[in-house]
Amino acid sequence: MEQESIHIALAAEQIGTFMGIPVTNTLLMSLIVSLLLITLAIVVRKKLSLIPGRLQTLVETLFVGILDYMSETLEDKKLARQIFPLVLTIFLFIFTANIIEFTPGIGSIGWTHPEGEFTPLLRSMNTDLNTTLALTLIVFVVIEVVGVATLGFLRYGKKFVNLSSVLGFMVGIIELFSEVARLVSYSFRLFGNIFAGEVMILVIQHFVPMVLPVPIMLFEVFVGFIQAAIFALLTLFFVKMAITEAH
Amino acid sequence: MEQIVSVFGINWKLLLIQGVNFGLLLAILYKFLYKPVLHMVDTRRLKIERAIHDADEAERQLGEAEAEKARILREATEKGDAVIDAAKKHAENEEHLIMKDAHRKAVHLLNEAERRTNREHDEMIEKAEREVARMAILSAEKILRKA
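The listed protein sequences derive, respectively, from chains B and Z. Each residue of the first sequence is one higher than the last, beginning at 15 in this note's numbering. Each residue of the second sequence is one higher than the last, beginning at 297 in this note's numbering.
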């Protein structure tokens, strides 16, 4: 009896090239997620009225709740409104990608190369470090820009380069390191959680193909929600830290 | 570092396209979802605020009208009472006067009547006396003639 081995690739598989850009299955997936969200937005937009329907009530309650929470955290209503689209889009983008990751067909439809290697057409979006790193870079840039715009370049820079005392200088260096380390922790946290979930399901499916993967999938959907929330919340908190002056 | 990049398949083109994709999604969601929904919430909040303000205003006006009504009623009652009181007093006075007048008139009439009766009585007696005297004379004449 021939034992089929589990094939796990850290990098997303390339499924084609479009105008010189390598198209991977995760890139295709992120386009699908975007299209889903845009469709949802247009549906909500079309039915928008002063007397809200059920969907509108749900959307409004969520938005207002999140916006209120952000205003409370940032203690700045205007900034909260400016950051709101970014934070919510991050959440919706990651969350939608994570809840559809177990849709039948994703990861199972694809083709086998002559060498016996299987390439799936779609792959869960956040199991590609390119996606998470791209999101992290955007968030990083936004945090720095908000910090500089709110405090001014010199006062913001003082957080990292503090020449008033030796201790202050050391703290500044540590701040600078943690700022850069955030890039790594941010992207790898999301990538690691979702990738690990996929691998776990793959392994369990290999041993017990029926029933047992279901609760694990349920748990992974929960993890997907938590990771999306963490990514969005950390963005909010780091913005808050960026606009708080160093003492 | 090189190894990490190749193992995870990090590619700057992919990073860029993912970033652009996210940026595009953000822009579209902002235009079609966040902005209209929040605008709608704001519009509704404004409308409700105005409605509540209007309701308060109406209630205040109603209260004022009620107070005004009560004041007018009270004033009217007071005025009416005063008028009735005055009329009563006036009527009493008048009654008094009329009674006094009537009494005086009655007394006067009574006196008059008495006086007239007395006079007539005197006249009758006088007349009777005269008649008696005349009769007496006549009888005396008769008697004298006979004799």
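None of these hints come from the bench; they were simulated from the model. The model shown is predicted, which means the values in this text are computed figures rather than measured ones. We treat Cβ as the ideally placed atom computed from N, Cα and C, and that holds for glycine. One or more of the hints may lead you astray.
List time: in silico DSSO-like cross-link candidates among lysine-lysine, alpha-carbon distance up to 30 Å [said to hold, decoys possible]:
1. B/K172 x B/K91
2. Z/K331 x Z/K343
3. B/K61 x B/K92
4. Z/K327 x B/K92
5. B/K61 x Z/K375
6. B/K254 x Z/K331
7. B/K92 x Z/K331
8. Z/K365 x B/K61
9. B/K172 x B/K61
10. B/K92 x Z/K343
11. Z/K343 x B/K60
12. Z/K385 x B/K60
13. Z/K401 x B/K60
14. B/K61 x Z/K331
15. B/K91 x B/K61
16. B/K91 x Z/K343
17. Z/K375 x Z/K365
18. B/K173 x B/K61
19. Z/K327 x Z/K343
20. B/K91 x Z/K331
21. B/K173 x B/K92
22. Z/K327 x B/K254
23. B/K60 x B/K91
24. Z/K365 x Z/K384
25. Z/K423 x Z/K438
26. Z/K327 x B/K91
27. Z/K396 x Z/K384
28. B/K173 x B/K91
29. Z/K375 x Z/K385
Computed footprint of chain B on chain Z, listed as stretches where at least three residues anywhere in the stretch have a Cβ under 8 Å from a Cβ of chain B [to be verified]:
30. 305-311
31. 316-326
32. 399-409
Simulated DEER-style distance windows between Cβ atoms [claimed, not checked]:
33. B/F251 x Z/H349: 18 to 24 Å
34. B/H21 x Z/K343: 58 to 64 Å
35. Z/H349 x B/I52: 53 to 59 Å
Exercise. Decide if the proposed pair is consistent with the structure: B/K254 and Z/K331, CA atoms, cutoff 30 Å inclusive.
Key: OK: B/K254 and Z/K331 at ~23 Å, within 30 Å.
Practice problem: Please work out if B/K172 and B/K61 have their alpha carbons no farther apart than 30 Å. | Solution: violated, 49 Å
Quiz item: Is it true that the CA of B/K173 sits at most 30 Å from the CA of B/K91?
Solution: holds, 24 Å
Quiz item: How does the coverage statement for the segment 399-409 of chain Z fare against chain B, requiring three or more residues with Cβ below 8 Å from a Cβ of that chain?
Solution: Check failed, 0 qualifying residues.
Quiz item: Given the proposed pairing of Z/K327 with Z/K343, does the C-alpha separation stay at or below 30 Å?
Solution: holds, 23 Å
Quiz item: Does the Cβ pair B/H21, Z/K343 satisfy 58 to 64 Å?
Solution: Cβ of B/H21 to Cβ of Z/K343: about 59 Å, so the range 58 to 64 Å holds.
Quiz item: Keeping to a limit of 30 Å between CA atoms, is the pair of Z/K401 and B/K60 held or broken?
Solution: violated, 103 Å
Quiz item: Going straight from one Cα to the other, do Z/K365 and B/K61 come out at no more than 30 Å?
Solution: Answer violated: Z/K365 to B/K61 is near 49 Å, above 30 Å.
Exercise. Starting from B/K92, check that the Cα of Z/K331 is at most 30 Å away, please.
Key: With a Cα-Cα distance of about 14 Å, the restraint between B/K92 and Z/K331 holds, given a limit of 30 Å.
Quiz item: That 53 to 59 Å hint for Z/H349 and B/I52 (C-beta), does it hold up?
Solution: With Cβ atoms ~39 Å apart, the hint is violated.
Practice problem: Compare the distance between the alpha carbons of Z/K375 and Z/K365 with 30 Å, and conclude whether the hinted pair is satisfied. | Solution: holds, 15 Å
Quiz prompt | Given hint Z/K331 paired with B/K91 - CA-CA distance at most 30 Å | solution = holds, 15 Å
In this structure, the earlier hints numbered 5, 8, 9, 12, 13, 18, 32, 33 and 35 are contradicted, and the remaining ones agree with it.
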